[in-house]
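S.K.: For reference, each letter of the sequence shown is one residue, going 0 to 319 in numbering that gives the first Met the number 0.
Calculated from the structure, these hints are not laboratory results.
One should not assume that every hint holds.
[As the list claims (entries may be wrong)] For each label pair, taking beta carbons as the anchor points, the in silico distance ranges come out as:
hint, residue 1, residue 2, range
1, Lys220, Gly138, 31 to 39 Å
2, Asp263, Arg101, 17 to 25 Å
3, His254, Glu316, 23 to 31 Å
4, Pro286, His213, 30 to 38 Å
5, Thr63, Asp263, 27 to 35 Å
[Stated by the list, open to error] Keeping only pairs whose Cα atoms sit at most 27 Å apart, straight-line, the calculated DSSO-like set for lysine-lysine is:
hint, residue 1, residue 2
6, Lys315, Lys220
7, Lys74, Lys281
8, Lys315, Lys288
9, Lys220, Lys281
10, Lys44, Lys281
11, Lys74, Lys44
12, Lys107, Lys288
By construction, the Cβ of each residue, glycine as well, lies at the ideal position given by its N, Cα and C atoms.
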Amino acid sequence: MSRAEFSYDFPHRHLVSVADLNPVDIQIIFERAAHHLATNRTPDKRSDVLRGLTVLNLFFEASTRTQGSFEMAGKRLGADVVNFAVAHSSASKGESLSDTARTLAAMKPDIMVVRHSATGAPQFLADHTGLSVVNAGDGMHEHPTQALLDSFTLAQHWGSVGGRRILIVGDILHSRVARSNIGLLNILGAEIRLCAPPTLLPSDVDQWGCDVFHDLDEALKGCDAVMALRQQRERMTGGFVPSEREFFHLFGLTHERLEAASPDVLVMHPGPMNRGVEIHTKLADDPDKSVILDQVESGVAVRMAILELIGGNIRKEAAA
């Protein structure tokens, strides 16, 4: 599909939070992602939709999956993609985020994909650089593209996630993936359940619009999909669970546990997985239940859609 044929009116220059999106925006993203998903399964995957534009992947936190997914998405759309090695940059020598942002903006990229350990860093860069910014994960705040690819994966199986019962189990407290998924699934009209030990739930979880459980067998009843989250030990400053073995005994996903869910329940995980801690290996690799590899494939397609839509707005602004 050429740029001339592309006529969607997507109103955003940035994607910082799922709260910025409405159901129409999400549908537009999913329609474009479905197009790219089909194209990515053919030998001729490249297009020139973003030819001439530069995408800068600015990752202050390491993430092989997310960075690789954005890099592949940008390149398949014909953009020039630059991965900025923050660990070897002035930022590691004490330069402020503001100075780093101004320096990078002076190089004239068009889209900045940002992953940072500090909540609010992508919004800060959007406010101070004038560049289009995509949030690839900020602190314990949000990870909007992960939530979009998760719901897109489910929509590919079901047609729609509206009215479906979806359980998220694991380290809810430290998870930006959980926060973005809850926000997006609420917009799409899904029924959301959370299950975790009290130590891994936020204090304000009762305001999140979800049903909260501490018993996994009870939480799984009638669920159409269940997403396992890993324990984010890099964000933990104390003992939140007695041991990994105890956690798996109480909250780990297995085939036996899934018998309480819907017969065709789908199993998800945003990765990286800790096998034998939050999910049993046989379940993670079960092609009849697990859609974990589908999530990875969907990630490239969804990120292509987002870069394409934002890139289209950059071109419109330049032409105005």
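S.K.: If any of the earlier hints don't hold here, list their numbers in rising order.
M.R.: 2, 3, 6, 7, 8, 10, 12
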